[in-house]
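There are 2 protein chains.
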Amino acid sequence: MKILIITADRCDDSELFYPYYRLAEEGWSVSIASFAKTKISAKYHFEIEADMSVDEVKEGEYDALLLPGGMAPEKLRQNARVLDIVRAFNDAKKPVAAICHGQQILISSKILKGRKATCYPGIKDDLVNAGAIYFNEKVVVDENLVTSRRPEDLPYFMKAFIDMIKG
Amino acid sequence: MKILIITADRCDDSELFYPYYRLAEEGWSVSIASFAKTKISAKYHFEIEADMSVDEVKEGEYDALLLPGGMAPEKLRQNARVLDIVRAFNDAKKPVAAICHGQQILISSKILKGRKATCYPGIKDDLVNAGAIYFNEKVVVDENLVTSRRPEDLPYFMKAFIDMIKG
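Protein sequence lines, in the order shown, are assigned to chains A and B.
Residue numbers for the first sequence follow the numbering used here, so the first one is 15 and each next one is one higher.
Residue numbers for the second sequence follow the numbering used here, so the first one is 15 and each next one is one higher.
Just so you know, these hints were derived from the structure itself, not from any lab.
Treat the hints with care, as some may be off.
For identical chains, the list gives no copy identity; a pair is met inside one copy or between any two copies.
The calculated lysine to any residue pairs, modelled on SDA-like cross-linking and capped at a C-alpha distance of 20 angstroms, are [what the hints assert, rightly or not]:
(1) Lys-152 / Ser-43
(2) Lys-173 / Trp-42
(3) Lys-173 / Met-15
(4) Lys-57 / Arg-101
(5) Lys-53 / Glu-88
(6) Lys-57 / Lys-124
(7) Lys-53 / Glu-166
(8) Lys-130 / Ser-45
(9) Lys-89 / Asp-69
(10) Lys-16 / Gly-128
(11) Lys-108 / Glu-75
(12) Lys-107 / Asp-177
(13) Lys-152 / Ile-62
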């Protein structure tokens with residue numbers, strides 16, 4: 015399996031590296047795309063080199079997409095290429111996972127109308143205004159979409175995402 | 015399954031919470047013991063309440079033990095009760111996992127003589143002086159013992175530990 019993560023500076027540390035290590039544990043290839051192929055500095059401490067810029071992403075080569083939270087999604091949602099990638103995964107019914115503020119990218123991608131989802135409480139109203147059906151649950155699964163609220167949900171978030179990828 | 019983690023302030027964030035979330039993902043009960051039943055502040059950001067003091071631990075109730083690294087092990091290795099707990103798990107052949115500087119506790123527990131192990135490079139000489147057979151590998155398994163070098167080894171460390179617990 016090939017999994018794509020899209021994130022950027024000031025992402026939440028745990029929401030980037032827990033999935034990054036966890037997907038590696040499955041033996042899968044995990045690539046990180048960002049605004050450029052440079053170092054990403056998470057909010058608190060974690061640093062990692064992006065594998066490519068979002069412009070270089072060949073979305074057809076990946077089996078699933080994951081969007082960490084933190085303060086990165088507010089920047090990423092303003093990038094048209096990021097939104098195109100999200101829509102490409104969703105149109106192809108490939109698993110798309112977002113946690114915490116990662117759902118801001120889903121909102122801007124306009125793929126949430128009528129879909130069950132959760133998110134960080136601070137952006138719940140935005141999720142609802144985007145047409146989603148909001149649930150205050152650790153993890154919400156709607157067809158190819160997996161969403162969670164916050165870092166503490168990571169065990170449930172990743173289990174649901176990995177189970178979905180395994181089919 | 016019931017898993018015990020022993021750690022304290024200034025542990026490495028990822029070496030505490032990656033295992034903590036990962037073991038929860040398996041659906042297992044995870045308890046954290048420390049010097050007291052108080053808040054633990056990891057080196058960079060992560061905080062969590064300890065479930066109990068090491069004096070309250072009933073080691074016979076747990077199936078496996080995990081020791082994160084960071085700067086906590088140098089303090090914990092000076093606590094006789096911590097060392098007794100480690101020896102109790104090891105004597106019972108229950109899985110014992112340590113990563114990075116967590117091995118300082120294994121050294122002081124005197125359970126390493128003739129055993130294959132790895133650790134953070136900065137304490138390699140101490141591991142060897144304690145009688146261990148050192149390997150510079152992502153994860154080293156010797157009977158009930160699982161050791162790794164650093165946070166980047168976490169996917170391999172946790173896979174080996176979980177596989178061992180599952181038997």
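At most 20 angstroms between CA atoms: does that hold for Lys-57 and Arg-101 within a copy, between copies, both, or neither? neither (27 angstroms within a copy, 38 angstroms between copies)
Taking 20 angstroms as the upper bound on the Cα-Cα distance, should Lys-173 and Trp-42 be classified as within, between, both, or neither? For Lys-173 and Trp-42, the Cα distance is within 20 angstroms both inside one copy (15 angstroms) and across copies (13 angstroms).
When Cα atoms must be at most 20 angstroms apart, do Lys-89 and Asp-69 count as within-copy, between-copy, both, or neither? within (15 angstroms within a copy, 48 angstroms between copies)
From the Cα coordinates, with 20 angstroms as the cut-off, is the pair Lys-107 and Asp-177 best called within, between, both, or neither? within (15 angstroms within a copy, 32 angstroms between copies)
Since the copies are identical, ignore which copy is meant and state whether Lys-53 and Glu-88 lie within 20 angstroms (CA to CA) inside a copy, between copies, both or neither. This pair counts as within: shortest intra-copy Cα distance 19 angstroms, inter-copy 32 angstroms.
How do Lys-57 and Lys-124 come out at 20 angstroms by Cα distance, when the copy is not named: within, between, both, or neither? Classified as neither; 27 angstroms inside a copy, 39 angstroms across copies.
Are the CA atoms of Lys-152 and Ser-43 at most 20 angstroms apart within a copy, between copies, both, or neither? Between copies, since 17 angstroms is at most 20 angstroms while 26 angstroms is not.
Is it within a copy, between copies, both, or neither that the alpha carbon of Lys-16 lies no farther than 20 angstroms from that of Gly-128? Intra 28 angstroms, inter 40 angstroms, cutoff 20 angstroms: neither.
Status of Met-15 relative to Lys-173 across identical chains (alpha carbons, at most 20 angstroms): both (16 angstroms within a copy, 18 angstroms between copies)
Regarding Lys-130 and Ser-45, is the shortest C-alpha distance of 20 angstroms or less found within a copy, between copies, in both, or in neither? neither (27 angstroms within a copy, 33 angstroms between copies)
Which holds for Lys-152 with Ile-62 at a C-alpha limit of 20 angstroms: within a copy, between copies, both or neither? between (27 angstroms within a copy, 18 angstroms between copies)
Which holds for Lys-53 with Glu-166 at a C-alpha limit of 20 angstroms: within a copy, between copies, both or neither? between (26 angstroms within a copy, 16 angstroms between copies)
Of the hints listed earlier, those the structure fails to meet are numbers 4, 6, 8 and 10, in rising order.
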